[in-house]
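Quick one: dock chain against chain with the hints and give me the complex.
If you want the building blocks of each chain, they are given just below.
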Amino acid sequence: MKILIIDDESDIRRIARLALNKVGKMDVVEASSGIEGIEKAEVEKPDVILLDVMMPSMDGPSTFAQLQNKNTTNQIPVIFLTAKALPSEINRLKALGVKGVLTKPFDPMILATQVKELLNK
Amino acid sequence: MQAKTNHCVLPNEEERIRVLYSYDILDTLPEVEFDNIVYLAKQICQTPIALISLVDKDRQWFKAKIGLELSETPRRESFCTHTILEQEHLQVCDAKLDSRFAKSSLVTEEPHIRFYAGVPLITPNEYCIGALCVMGFTPYQLKAEQIESLRRLSHQVITQLELKQHIKASKISETRTKAIIDNMLLGLIVTNENGIIESVNPMAEKVFFYKEEELIGKHLSLLIPQLTDATRLSFLQTSASQNQKSQARIYWQGLSKNGDKLFLELSVYEFSTSKGLRFASNIREVSDQQKLEELKTNFISTINHELRTPLTSINGALNLLSSGVLGILPEEAQEIVQLAERNSVRLVSLLNDILDLQRLEASRSEMNFEVSDLSQLVVLSSKEILALARKKNISVTLNTTEIKVFADHKHLIQAITNLLKNAIKFSPANSVIKVVIEEINQWATVKIIDQGCGIEANHLSTIFDKFKQVDFKDNRQQGGVGLGLAISKAIIEQHNGIMGVESVIDKGSTFWFRLPAVWTLDDQSNNLKNQAFSILAKSSSHLHKINHENAFAKSPEILLVDDDKELLEILSIDLSQRGLSVTTSTNGQEAVRIAQENLPNLIVLDINIPNGNGFEVVEKLRSEPKLRNISLIIYSGRDLTGEQKTKLSLGPTRFLTKTRVSSADFRNNVLELLNSNAE
Numbered sequence: 002m003k004i005l006i007i008d009d010e011s012d013i014r015r016i017a018r019l020a021l022n023k024v025g026k027m028d029v030v031e032a033s034s035g036i037e038g039i040e041k042a043e044v045e046k047p048d049v050i051l052l053d054v055m056m057p058s059m060d061g062p063s064t065f066a067q068l069q070n071k072n073t074t075n076q077i078p079v080i081f082l083t084a085k086a087l088p089s090e091i092n093r094l095k096a097l098g099v100k101g102v103l104t105k106p107f108d109p110m111i112l113a114t115q116v117k118e119l120l121n122k
Numbered sequence: 117m118q119a120k121t122n123h124c125v126l127p128n129e130e131e132r133i134r135v136l137y138s139y140d141i142l143d144t145l146p147e148v149e150f151d152n153i154v155y156l157a158k159q160i161c162q163t164p165i166a167l168i169s170l171v172d173k174d175r176q177w178f179k180a181k182i183g184l185e186l187s188e189t190p191r192r193e194s195f196c197t198h199t200i201l202e203q204e205h206l207q208v209c210d211a212k213l214d215s216r217f218a219k220s221s222l223v224t225e226e227p228h229i230r231f232y233a234g235v236p237l238i239t240p241n242e243y244c245i246g247a248l249c250v251m252g253f254t255p256y257q258l259k260a261e262q263i264e265s266l267r268r269l270s271h272q273v274i275t276q277l278e279l280k281q282h283i284k285a286s287k288i289s290e291t292r293t294k295a296i297i298d299n300m301l302l303g304l305i306v307t308n309e310n311g312i313i314e315s316v317n318p319m320a321e322k323v324f325f326y327k328e329e330e331l332i333g334k335h336l337s338l339l340i341p342q343l344t345d346a347t348r349l350s351f352l353q354t355s356a357s358q359n360q361k362s363q364a365r366i367y368w369q370g371l372s373k374n375g376d377k378l379f380l381e382l383s384v385y386e387f388s389t390s391k392g393l394r395f396a397s398n399i400r401e402v403s404d405q406q407k408l409e410e411l412k413t414n415f416i417s418t419i420n421h422e423l424r425t426p427l428t429s430i431n432g433a434l435n436l437l438s439s440g441v442l443g444i445l446p447e448e449a450q451e452i453v454q455l456a457e458r459n460s461v462r463l464v465s466l467l468n469d470i471l472d473l474q475r476l477e478a479s480r481s482e483m484n485f486e487v488s489d490l491s492q493l494v495v496l497s498s499k500e501i502l503a504l505a506r507k508k509n510i511s512v513t514l515n516t517t518e519i520k521v522f523a524d525h526k527h528l529i530q531a532i533t534n535l536l537k538n539a540i541k542f543s544p545a546n547s548v549i550k551v552v553i554e555e556i557n558q559w560a561t562v563k564i565i566d567q568g569c570g571i572e573a574n575h576l577s578t579i580f581d582k583f584k585q586v587d588f589k590d591n592r593q594q595g596g597v598g599l600g601l602a603i604s605k606a607i608i609e610q611h612n613g614i615m616g617v618e619s620v621i622d623k624g625s626t627f628w629f630r631l632p633a634v635w636t637l638d639d640q641s642n643n644l645k646n647q648a649f650s651i652l653a654k655s656s657s658h659l660h661k662i663n664h665e666n667a668f669a670k671s672p673e674i675l676l677v678d679d680d681k682e683l684l685e686i687l688s689i690d691l692s693q694r695g696l697s698v699t700t701s702t703n704g705q706e707a708v709r710i711a712q713e714n715l716p717n718l719i720v721l722d723i724n725i726p727n728g729n730g731f732e733v734v735e736k737l738r739s740e741p742k743l744r745n746i747s748l749i750i751y752s753g754r755d756l757t758g759e760q761k762t763k764l765s766l767g768p769t770r771f772l773t774k775t776r777v778s779s780a781d782f783r784n785n786v787l788e789l790l791n792s793n794a795e
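Respectively, the protein sequence lines represent chains A and B.
For the first sequence, the working numbering gives the first residue as 2, with consecutive numbering after it.
For the second sequence, the working numbering gives the first residue as 117, with consecutive numbering after it.
Only chain B is shown next, with the shape it has when bound in the complex (with noise of 0.2 Å):
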């Protein structure tokens, strides 16, 4: 109540004003639990006022009030001030004999208070915002136990406070939740743990053409007619768990009530309430995106026809040219034909390399996954890029630990094969590749680390894009990185694995990828694991410990010796595209030189070469211990008998007639010796 006082600062005051408004109850209605407050109140202290008396910035304004008239009065006058000011009860049991109010005009006029009696209300954050008091005419006192009972009810004039104001954050949280639902771009079905629907949002209404009162109380196969009673629980749970696990979509198709069919990407979550399990379902129809898909198979399937057709000319005609058949072309004119040759393979190889993101992006990749030792799959990925890197005299580390993944063999090969390549481009001559597998946190990771020219930061992001070719810092064109890292990404991801890049300016890129490890006791894929080591190891006289930092990159070498340099050329070439290291020789006593210091692998031998022929080559080969046991190929024109092959024979050999096989024949011939060798 008034008191003509100075204004009084209280403190805290900025913080205690925010406080109250937080509360939004100035200027509000009566309500009945505030009303009955005063009243009970006023029956305990038997005084003709109660009051709840709220101090604002410069007024105190009564939210419920029993015997007076007035609704708020100015700050300056009140008495509530000073009780916030204690921070505890107030009782000014005959206010003309107290200094504070004596001369105050509401006790010196009407309505002539003497007596004050007021409790402080405070928040819960210990903010005085007010109080509730009591007020009378003559000279009075409350008892100790009647000051007890205010002090009481102002906690319940707190605790509606309180109360109001949380009912009224739901009520706004509520409406906004209502509004997101309804305003979704996703169907939202929430269903019990039964799979019977609970409610529908506009939009799930509108995706299957069904009100909301038609579905709720509805099995959620009305939808989705696949989910049978059976699997209807078990799908939602499995759902759910999988979606939490990988935020992977599944697919169902769901039927709308005009009997259309829908395809629908659907993302389950679990929640708990009260009435127990609920599952919400998001809902995407892509139907029109299905249909967009197949219109882009279409579309690239036709493509690759058309182009695939002319290609076949292009490149069939460059062959024949190249090849010498239709007449020898001068030298100028050779060289620019195989310009041409290369440019058409690397189309050829662009068109593969189409199909194949288009069917991994399509899921339509037909995968066999099975068991497999990670690093056995990173070493043959590794063979593929021999020859790349022998080119640059770069050298491939393993760094390897013993890990299992499910994996399709050939799409895992083809992503590790395209990240090594990738590494290479980049790499300056001379340099190392380290690979490196390691288990961590139970992901099978691998990672590709290069001494490159590094990539930008602001170009990691979309290195995996298609048709990406970073701008790299020395600007050097490195020629279709095209859709190499985009197919790999791809198959990782459809491995359930996740890939990435790391990079430093002028110190190298890394980039890894991390499939989920398997954990088995398996012996049989330990021994592959260990063939595909000990294939290394006896392919490369170079290599001496195979142990931590396997230095596989030594391919098996592999002497060719004929008198026909061009089909040298040829097989030379041949072969090294196959990751095999290839010597030449073009007479006898060379060949038998250059074995005897290089130790090939295989030996691919023709009869009539000057300087010593065949048979005189492998007698001598014979007579060395460290030589005698070498594959050997005879490979020549002439058909030879039981008696001379016998002459002929070194350790494993095999003999081909030049005439008899085609490139591909002599190609296995070589690669099935240099695996048996190996054995």
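With the rest of the complex left out, here is chain A (with noise of 0.2 Å):
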């Protein structure tokens, strides 16, 4: 299964690679913002793209709608990597129509998993 996360903190994006490579078995690719993350969702075709929502100049919720309205990239299915904790934002995410949202910090032993649980719904 290749993923791409896309986050502007490389720290989190090494976390996050280890979690996914190391203990969940995944081919991942990175991008450290939304523009690049769309370049690298065109030409990787990942199966699953892990969005960070806070990024400066494009955020996460604007990269998805841009992800949406491309042929190319509308099928991969998303989900959002918060540090958003209140339930309200969370729910404000999630009707966006993305796949799910995981908050942050996450456990990288069982991130991998959370993933697949959340593509299996």
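Hints listed in this document are in silico derivations from the structure and should not be mistaken for laboratory results.
By construction, the Cβ of each residue, glycine as well, lies at the ideal position given by its N, Cα and C atoms.
Misleading hints may appear alongside valid ones.
Not close to chain B: a few residues of chain A, all C-beta gaps over 10 Å, as computed [stated by the list, open to error]: (1) E10; (2) S33; (3) E37; (4) E40; (5) M55; (6) M59; (7) N72; (8) T73; (9) I77; (10) L97; (11) G98; (12) V99; (13) T114.
Calculated cross-link-like contacts (lysine-lysine; reagent style DSS-like; alpha-carbon spacing at most 25 Å) [unchecked claim]: (14) K507(B) with K563(B); (15) K294(B) with K259(B); (16) K23(A) with K681(B); (17) K774(B) with K23(A); (18) K3(A) with K71(A); (19) K391(B) with K287(B); (20) K508(B) with K623(B); (21) K761(B) with K736(B); (22) K407(B) with K391(B); (23) K181(B) with K284(B); (24) K212(B) with K259(B); (25) K774(B) with K3(A); (26) K774(B) with K742(B); (27) K412(B) with K391(B); (28) K763(B) with K117(A); (29) K85(A) with K412(B); (30) K26(A) with K117(A); (31) K334(B) with K322(B); (32) K41(A) with K95(A); (33) K122(A) with K774(B); (34) K541(B) with K623(B); (35) K377(B) with K412(B); (36) K526(B) with K95(A); (37) K23(A) with K71(A); (38) K774(B) with K26(A); (39) K294(B) with K181(B); (40) K95(A) with K85(A).
As structure tokens, this is what we get:
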């Protein structure tokens, strides 16, 4: 399974890569911004995208909207990864039509399982 | 009038003078009411002189007079002092024949007084402050009815004095009240029962930018547009009654004259007047406070995000290191990593607490209230702290009565759990924490009584403050009391309840809260309660009696069997943290022995284990009636055939494959089996 991580924080990308690759045995592709993420999504054709919510210039929801607008990427399931903790904020994100929302801090030992569970929903 | 006698000392002189002065009448200008009285006295008695004489410390002063020029004379020669002494009327028909007055200069010289008659002025509290008297220049005698008329006129003098005193007092009080209202920091608007404004104070003018005259006679809805005609009266009445009940403030959006929207805190109270019911609304503009509150919310939200992001990296890195995915660490390094991991978990929970508290304080928490059985919520809360209690061998007992409350389950359980955690934290090992639920005056009351070191009296009032860690007597650092109590208190307050604490040093503390009790005959929640107790009852093989003192702190027992010691450790820790009592075994023979001794509620069994594999273990367990119905999870790396599964079944049995289930899935399966077990 190939997963694209879009997050502006390189440390978070690194941890998520280890969690998904070492523990979850997934192929991991990274992007550090929404724009780079959309390009990578078109080229790499990942099975799922893990998308950060708060990013400079283009945030998670805008990136998701652009992905939805492209024929090449609108079939790829997206999961938000957010540091927002209020239930209302999380519900607002879910309502955008993503596969699911995972919150930070995440447990790297179960991150891959959580991603798979959301995909199977 | 004067007479040359010794200065008489009157009874209760000091008090008498104080009473006289309280009328504030000495040395005031003539007043028509008193002048009329002396005129009538003169006419009735047919004498040339009539006076109202008030007897001061060393003078008599005339409030009203006819036929005499003097306005006061020294007291030592006063006729009236004798009238006061007599307490009744005094009549001197011929002063020249009366030894008390015959040599008085008033008699021997100008104005040559020969006749005197006076009645005392007696106040309601029985002090004589002076006399109403008539005098003449020839011997004379009043008839009985004339003296009676004088006596009645003297009552009129006192009535006038009393009346003037009351008017003065009420004027002072009115001035004082007006000064207070005019200088209040709160806006005050008084309306009639139709919501028509009758008066406003300067602060209300300032808040709404209206002048008083622009508001009087207008509807209150001019200032608070949400109030329609239909709702106005009920709004006022509801607000007033709510205010009386709970001191609660009500928030409304107001509108100023220049169109600005105002955020108002309103407290309404009702009072009756001769014109009917009136409502006084205290109004405080909290728009600035509201803006500050929003700033605070945004600030906390930002800080939350900014802290959570680096914590994600730290936490994740530590998890990966300690899990061994990146290579096995030396033992000491492993310990240090775990230390760091524990502390980063603590930081995350602190962050969550801050968010929780902020939401509660801003009343932004999503609450789902429903009629609930309080003891059931206490039982659920206690499950959360079982592992913690067990660590210190603390037992928790429950003494309950059936009471229903209106509660948001999630939050109330959080509040009770915090209190229990706090009690455990400050209790000595091997002690008992008592939880008592009782109904007191229609309040459902929960008391959590510990045998800890107690709290100094001067700390009791601040213990619910944020980040308050009380200095306990033994000076031991208990680590992060932090926000738990503040959160509990905020939750209880959101439930319209009250929380408090009582404590005795070296004996322990009682944290209590009370919620309004709800009275319904709700069989369904009764069933829920029974169910909760039945889970507890069945989950503990040690529990014999579930009646009054419910020893519910005994948790469901699980036997984990696997030859992988590390896996056993990870699973034990995880399940213990969920309040389960865990025993482990690494071989088949030992597992069967433990099962026979402990009668666990659930066994988790690997297949490839030494001294008798999984199949043999199940066979042994099946052969014993008391063991054959125990719930079982087969947790192995193998894929099993249908036939194998049949051989491995005991009571309710589930099959989980190690590489396919997450730790959360595993845990959920355990909990589900335990719950279905208890039903």
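So, going through the hints one by one against the coordinates:
1. E10: About 6 Å separates E10(A) from the closest Cβ of chain B, which leaves it inside 10 Å; violated.
2. S33: 14 Å, holds
3. E37: Nearest chain B Cβ is 19 Å from E37(A), so the label holds.
4. E40: 24 Å, holds
5. M55: 6 Å, violated
6. M59: 17 Å, holds
7. N72: Given a closest Cβ separation of 33 Å, the condition holds.
8. T73: 30 Å, holds
9. I77: 23 Å, holds
10. L97: Holds, since 18 Å exceeds 10 Å.
11. G98: The claim holds: G98(A) sits with its nearest Cβ about 22 Å from chain B, beyond 10 Å.
12. V99: It holds; V99(A) is separated from chain B by about 19 Å at its closest Cβ, greater than 10 Å.
13. T114: Label violated. Min Cβ-Cβ 4 Å, cutoff 10 Å.
14. K507(B) with K563(B): At roughly 23 Å apart (the allowed maximum being 25 Å), K563(B) and K507(B) satisfy the hint.
15. K294(B) with K259(B): 53 Å, violated
16. K23(A) with K681(B): 22 Å, holds
17. K774(B) with K23(A): 17 Å, holds
18. K3(A) with K71(A): Roughly 19 Å between the alpha carbons, so the hint for K3(A) and K71(A) holds.
19. K391(B) with K287(B): 21 Å, holds
20. K508(B) with K623(B): 18 Å, holds
21. K761(B) with K736(B): The given pair, whose Cα atoms are some 16 Å apart, holds under the 25 Å limit.
22. K407(B) with K391(B): 41 Å, violated
23. K181(B) with K284(B): Given that 25 Å is the threshold and the Cα spacing comes to 24 Å, the pair holds.
24. K212(B) with K259(B): This hinted pair holds, its Cα atoms lying about 21 Å apart.
25. K774(B) with K3(A): Since the Cα atoms of K774(B) and K3(A) sit roughly 23 Å apart, the hinted pair holds (cutoff 25 Å).
26. K774(B) with K742(B): 29 Å, violated
27. K412(B) with K391(B): 47 Å, violated
28. K763(B) with K117(A): Between K763(B) and K117(A) the Cα gap is close to 32 Å, so the pair fails against 25 Å, i.e. violated.
29. K85(A) with K412(B): 16 Å, holds
30. K26(A) with K117(A): Holds - the C-alpha atoms of K117(A) and K26(A) are around 12 Å apart, at most 25 Å.
31. K334(B) with K322(B): 17 Å, holds
32. K41(A) with K95(A): 23 Å, holds
33. K122(A) with K774(B): 21 Å, holds
34. K541(B) with K623(B): Holds - the C-alpha atoms of K623(B) and K541(B) are around 15 Å apart, at most 25 Å.
35. K377(B) with K412(B): Between K377(B) and K412(B) the Cα gap is close to 21 Å, so the pair holds against 25 Å.
36. K526(B) with K95(A): 22 Å, holds
37. K23(A) with K71(A): Distance ~31 Å between K23(A) and K71(A) Cα, so the pair is violated.
38. K774(B) with K26(A): Holds, at roughly 15 Å.
39. K294(B) with K181(B): Judged against 25 Å, a Cα distance of about 38 Å means the pair is violated.
40. K95(A) with K85(A): With a Cα-Cα distance of about 12 Å, the restraint between K95(A) and K85(A) holds, given a limit of 25 Å.
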